[in-house]
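Enquirer: Here the protein sequences line up with chains U and R, keeping their order. If you count by this note's numbering, then the first sequence holds residues 1 to 339, one letter each, in order. If you count by this note's numbering, then the second sequence holds residues 1 to 339, one letter each, in order.
For the record, the hints were derived by calculation from the structure and aren't laboratory data. These numbers come from a predicted model, not from an experiment. Some hints could be false.
Because identical chains cannot be distinguished in the list, a pair is counted as satisfied if it fits within a single copy or across any two copies.
[What the hints assert, rightly or not] With a straight-line cut-off of 30 Å between C-alpha atoms, the simulated DSBU-like cross-links for lysine-lysine are:
no. : residue 1 : residue 2
1   : 116       : 145
2   : 45        : 145
3   : 73        : 22
4   : 165       : 119
5   : 119       : 145
Protein chains: 2
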Amino acid sequence: MPKKTKKNNPRYVVGIDLGGTKILAAVVDDKGQVLGRSKRKTRGKTDNATDPETVTDRVVTCVQDAVAAAGLKLGDIAAVGASAPGPVNVETGFVARMANLPGWEEGFAFGPELSKRLKLPVWVDNDVNLGTLGEVVYGAGRGMKDVIGIFVGTGIGGGIVLGGKLRRGVRWAAGEIGHMFVDISAIQRGGPVCGCGEPGHVEAIASRGAISRRLAAAIAAGEPTLLAAEVKDESELTSGAIRRAWEAGDELTRRVIAETQEVMGLLIASVVNLLDPEGIILGGGLVESLGDAYVEPVRRHAYAHFFLPDRAGEVKIMRAALGDDATILGASVLARSGL
Amino acid sequence: MPKKTKKNNPRYVVGIDLGGTKILAAVVDDKGQVLGRSKRKTRGKTDNATDPETVTDRVVTCVQDAVAAAGLKLGDIAAVGASAPGPVNVETGFVARMANLPGWEEGFAFGPELSKRLKLPVWVDNDVNLGTLGEVVYGAGRGMKDVIGIFVGTGIGGGIVLGGKLRRGVRWAAGEIGHMFVDISAIQRGGPVCGCGEPGHVEAIASRGAISRRLAAAIAAGEPTLLAAEVKDESELTSGAIRRAWEAGDELTRRVIAETQEVMGLLIASVVNLLDPEGIILGGGLVESLGDAYVEPVRRHAYAHFFLPDRAGEVKIMRAALGDDATILGASVLARSGL
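Could you build the full structure based on these sequences and the hints that come with them?
Expert: In structure tokens, the structure reads:
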């Protein structure tokens, strides 16, 4: 774990969101205000190499650009927080793997390497953890101490804040909410599989990826849908395409979304029955795309299945407020607080 | 929340396990040694009244007996911890309800009333919470800080210790692990229902109560089983009767138990994928009755479904070690530490 330097201005830190597609960096002050930001492709414009050293160099450039955009120098920055998709050992800054990024299979000491290049203390954590932390400190969960973040996109990720602190787990693997079993009947039935290969997980049923697969199968089977004309293959069934069909009242899309909203409600009920938190925050690509129209039915289904139903409303179910900024802001909180 | 008195000997506290059937009380020293104990029926030998005042009087007698058995006086006791089955507001000592106990429907300020009678500070918490705490401090989870207790009996209860402290929840309702959905297909299919009336909960499928119901239905349907001769109705399908049939190699019993062991393994995998704790402790009537032969297949199924399977073994899955004493010992820990 890096030590904080005293000489730099503690008002300014950098938050980084390192994803498989893009790198975001921002200079953030102690009120959560973004003073300057920058964005780069993870794979590079001209050089497609994705080995850890090359990607880390791109992160450095992205940080330098964000610092310049804020009218500052690296020497003005007190510390850096960064996210990576996948399990991260927060004590060592070691990223166990990056989703779909060739060259990262064996993991990489991303924190120490970035720290060496920037000559700044660097903390690293999982992206969904930091997205949840950002929402709790500066977004939908402001003022709460016990919040579960659930992010619905290609997969379903989760972050857990209890007592104001991220729960990391004994193997740095806490929050893998997408890999909770909600439908064990699917194991015998041979239901759709999760990103991890298992049937019965909520990610296999209710993620945007799962929705796209169901829609693609329905299109292939000739079911009537507005999507048939719009998309050529499953890869085009993005959150945006789903939203357009949904807004146009496409029956197939509405039915599939409604089914997954019930599943998400039951998942939330399970998590609440276990942890009884103050709040649940729903975010991610699908939620941002469909907005409150997605969240409201999920909330209704969830409340209908809480233990102590008379007091269900004491657990708030909220839509994430910060969009893409949640993770960089959470990274800035990590930079300020260390572990 | 009561204040600790200074005048009494901090070496001695009393732990109480108030259940719907029996009351246990014990004087416990600061090493977790039981110096004297007592047991009474909750409903009374001659007087069947179960109103809160009468039951509290019986608890007082039980405590006095335990203190006398330890060769002590009430004045030697520093504090009292007590458990109740159901949600308890630990700050006020208010028991929201007691399972199946007429007269407690509106709840009762059990902590304050018991404190008034004993003239001692009294803390109260849920029985499964205190059973888990007892196992973590003095039993199977010794030395661990992050442990989930899962108790399989008529229902399925849970307790959560994170960072060495019980997680209570915003509505004092955390740990209701039996009411987690594992089989949402059962909702449409009209599967068996939980103690709370809902299908799809793990308690509806894998509790001792669920096993008894399945066995009773199989007996009624004329399926061949050694149990047909032994039991007349479902109420006789106790953990003991199930154990005897299981040990005698009864095929029906073995099959039903094996199916529920897989379900418990998947439940544990879900909880571990969410919380990534150091340990899982399995206890309760069914687990005590069947012993390691119950735990071992559950462990195998669980490990097969962990996120980060290569490191599954870092999360220990253990059998509870303290039996009936877990709750009174957990209550003694509560008495020592307050909240």
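Enquirer: All hints are to be evaluated individually against the structure, with a verdict given for each.
Expert: Comparing the hints with the structure gives:
no.	hint	result
1	116 x 145	neither (34 Å within a copy, 34 Å between copies)
2	45 x 145	neither (41 Å within a copy, 47 Å between copies)
3	73 x 22	within (23 Å within a copy, 70 Å between copies)
4	165 x 119	within (27 Å within a copy, 38 Å between copies)
5	119 x 145	neither (33 Å within a copy, 36 Å between copies)
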